[in-house]
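Participant: Since the structure of chain A is already known, use the hints to place chain B on it.
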Amino acid sequence: MIFSPVGGTRSKARKWYLLLGVALTAALAAFLFWAAGGETLLRRDRTWAQMIATKDFRVGLDPSFPPFEHLNGAGVPEGYDVELAQALAKRWGIEPKIITIGFDSLLDAVRAARVDAVISAMPYDERLTRDVVFSPPYFESGIRLVVPRGSPIAGTEQLAGARLAVEWGSAGDMIARTLQRNEFADMEIVQYDTPQAALDALLSESPSADALLIDQVSLRLAQGSGAPLVAVGPVLETNPYVIVSPRAAHQLAQEIADALAAFAQDGTLDRLEDRWFGEIVEPSP
Amino acid sequence: MKRRIRFGGRSRLVWLGSAALLVLLVVLVSLWWQRRGDVALGPQRAVTTINPKVGVHTRLTDEVEEWKIKRSLEMVREMGSPWAVEYFPWAYVEERPGRYNWAHSDMVVEHAARQGITLIARLGYVPDWARPKETTPLYLDEERFADFGRFAAAFVRRYAGKVRYVIIWNEPNLALEWGYAAADPVKYTQMLRTVYPMVKQANPEVQVLGGALAPTNAPEGSEWGMNDLLFLQRMYDAGAAPYFDLLAIHAYGWHSDPDEPPDPQAINFRRAELLRAIMVANGDSSKRAMITEGGWNDHPRWTRAVRPAQRIAWTIRAYEIARDEWEWLDALCIWAFRYPWDAKSYQDYYTFVRTDFEPKPIYEEVQRYTRGESTVERP
Numbered sequence: 001m002i003f004s005p006v007g008g009t010r011s012k013a014r015k016w017y018l019l020l021g022v023a024l025t026a027a028l029a030a031f032l033f034w035a036a037g038g039e040t041l042l043r044r045d046r047t048w049a050q051m052i053a054t055k056d057f058r059v060g061l062d063p064s065f066p067p068f069e070h071l072n073g074a075g076v077p078e079g080y081d082v083e084l085a086q087a088l089a090k091r092w093g094i095e096p097k098i099i100t101i102g103f104d105s106l107l108d109a110v111r112a113a114r115v116d117a118v119i120s121a122m123p124y125d126e127r128l129t130r131d132v133v134f135s136p137p138y139f140e141s142g143i144r145l146v147v148p149r150g151s152p153i154a155g156t157e158q159l160a161g162a163r164l165a166v167e168w169g170s171a172g173d174m175i176a177r178t179l180q181r182n183e184f185a186d187m188e189i190v191q192y193d194t195p196q197a198a199l200d201a202l203l204s205e206s207p208s209a210d211a212l213l214i215d216q217v218s219l220r221l222a223q224g225s226g227a228p229l230v231a232v233g234p235v236l237e238t239n240p241y242v243i244v245s246p247r248a249a250h251q252l253a254q255e256i257a258d259a260l261a262a263f264a265q266d267g268t269l270d271r272l273e274d275r276w277f278g279e280i281v282e283p284s285p
Numbered sequence: 001m002k003r004r005i006r007f008g009g010r011s012r013l014v015w016l017g018s019a020a021l022l023v024l025l026v027v028l029v030s031l032w033w034q035r036r037g038d039v040a041l042g043p044q045r046a047v048t049t050i051n052p053k054v055g056v057h058t059r060l061t062d063e064v065e066e067w068k069i070k071r072s073l074e075m076v077r078e079m080g081s082p083w084a085v086e087y088f089p090w091a092y093v094e095e096r097p098g099r100y101n102w103a104h105s106d107m108v109v110e111h112a113a114r115q116g117i118t119l120i121a122r123l124g125y126v127p128d129w130a131r132p133k134e135t136t137p138l139y140l141d142e143e144r145f146a147d148f149g150r151f152a153a154a155f156v157r158r159y160a161g162k163v164r165y166v167i168i169w170n171e172p173n174l175a176l177e178w179g180y181a182a183a184d185p186v187k188y189t190q191m192l193r194t195v196y197p198m199v200k201q202a203n204p205e206v207q208v209l210g211g212a213l214a215p216t217n218a219p220e221g222s223e224w225g226m227n228d229l230l231f232l233q234r235m236y237d238a239g240a241a242p243y244f245d246l247l248a249i250h251a252y253g254w255h256s257d258p259d260e261p262p263d264p265q266a267i268n269f270r271r272a273e274l275l276r277a278i279m280v281a282n283g284d285s286s287k288r289a290m291i292t293e294g295g296w297n298d299h300p301r302w303t304r305a306v307r308p309a310q311r312i313a314w315t316i317r318a319y320e321i322a323r324d325e326w327e328w329l330d331a332l333c334i335w336a337f338r339y340p341w342d343a344k345s346y347q348d349y350y351t352f353v354r355t356d357f358e359p360k361p362i363y364e365e366v367q368r369y370t371r372g373e374s375t376v377e378r379p
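Here the protein sequences come in this chain order: A and B. Note that our numbering numbers the first sequence so that position 241 is 241, with each residue one more than the last. Note that our numbering numbers the second sequence so that position 324 is 324, with each residue one more than the last.
So that you can see chain A by itself, here it is in the shape it has in the complex (with noise of 0.2 Å):
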């Protein structure tokens, strides 16, 4: 039968509408209930539970990328982040067990449920955020603008004239001849092979540069060593390293992310920074 809203079937005409506005109805609130993340309470985390069930906490990372993560002399990963995973499961009342994974197979390993959570200085990556869930960041690695302690230059704004230090085709350079092209024509770039040589034209006794564009880990390094530099200026490119695990593991996202939140307000992740990159020497006053 055609359905038609006149002449006898009327009364079954209100019945359809009345069944399909309650479909509709029930469709909505499914949907209101998904989008505001519903399901989770009704999904129990069977990667959490099982960390708790078995004491274990299996973390990948990739160990080459001293000091996050390194072999040491008897081949045993160690580094700030091996130290971030004794003292999550230290706070969770388990043990970490270190799982050493290429760094490209590291996400694929958290998909497929091999290992509990990946702690390997990863970026942050928003496009996969339907895949793995990202904790909030605990290191920034992304480019600073670094000067030597004392220097007049206090932002990117002061490069105008100034001699502007770089490890050739790094993101450093690239952020420089961009700054060179859209508002410092007469800043000069000056490009060396390695960070380290960068580092190096801007401490020797006459420097050969006012200031360098390098990344947080090799800044941080070379401060731990005790040069006398400091960065300024916000961050010119964003690098956050995070901390990842499985998608459907809610809780384990949360209790990392509170975690997370404690170490930086008792001091942990900076005594981590401290342990791995040397303390920060500050000038007698």
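Source of the hints: derived by calculation from the structure; they are not laboratory data. Predicted model only: the values in this text are computed from it and were never measured. Glycine residues also receive a C-beta, built at the ideal position from the N, C-alpha and C atoms. Any given hint might turn out to be false.
[Said to hold, decoys possible] Some chain A residues judged to face chain B by a derived CB distance under 7 Å, without partners named:
#1 D104
#2 Y124
#3 D125
#4 G169
#5 S170
#6 M174
#7 D193
Facilitator: For chain B alone, coordinates are given in the frame of chain A:
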């Protein structure tokens, strides 16, 4: 008094008919709107360079927006690269047998031609209908080679006068690129034997590139692939010579500089010379070659990467070798110009230009080289 509109009988048919026509009109207008060319091709351009062998491998396959295709190719020209390799996946063009959708390919070919860039078209990637279920899009049964040949023939016929070079398949010596079947030089030769005459019949001007082998020292019997030197020799043994006009070579440098001597045990840039030697040994010295992939990576962590400064210096040196030492080579196309989106892995550190079109220093240094400008003195 309210006036009732009776919705039945003839009136209903008229209403339904009108509504259907309206829907059809809207669909047709939106289809036209989506397919019309919004981006002007612009004036005819030419590439200016001191080195006519400079090339890149672009990645426009998944680039949806036409302006980005145009901008990429403009930047290729502005870098001084007269050559570009681009991938034209069979599955994207012929989703159903015999029904071709050339819209995207047309855009790439037209914009490349307008920028004065010579395209080398890489063909492959099997549509669902041409392969068994549970296989990857890189798997093709021998019985389906003729289907691939028909697509390749349709491609070269459509782009006659605009695309003069086609590469048949990619890295067939790797199981991954051969649909996770064992690398098989005899089967690949059979593919060339089937496809080559079909392409030539459709457009005799077109030059067919074979090989495009991945540089690897995989041991004999490896499930992952076959040594490229061995694979090429076995292609010749299987009678491949008459079925390709140029050899496509992949020449990655990994950690070594481009002047490191060739060595069958080493994967380095000059491994290309070993492949050339095999051509010569098999009486194919009159045939020329192109490097359709190669170069260096400057990822800060990847174990096969080098420092950015090394990547720049070695890339420029490689272009010089191609021009000054390798007479038998027509083009050196470095992987990869730009990706449509960040891979967020070591792959991003192969590119010359970021996804947002910001040129990396290597882009500007190669541009400086192709303009004949001296390299900036560094301390």
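Participant: So which of those numbered hints doesn't the model satisfy?
Facilitator: When the structure is compared with the hints, only number 2 turns out to be violated.
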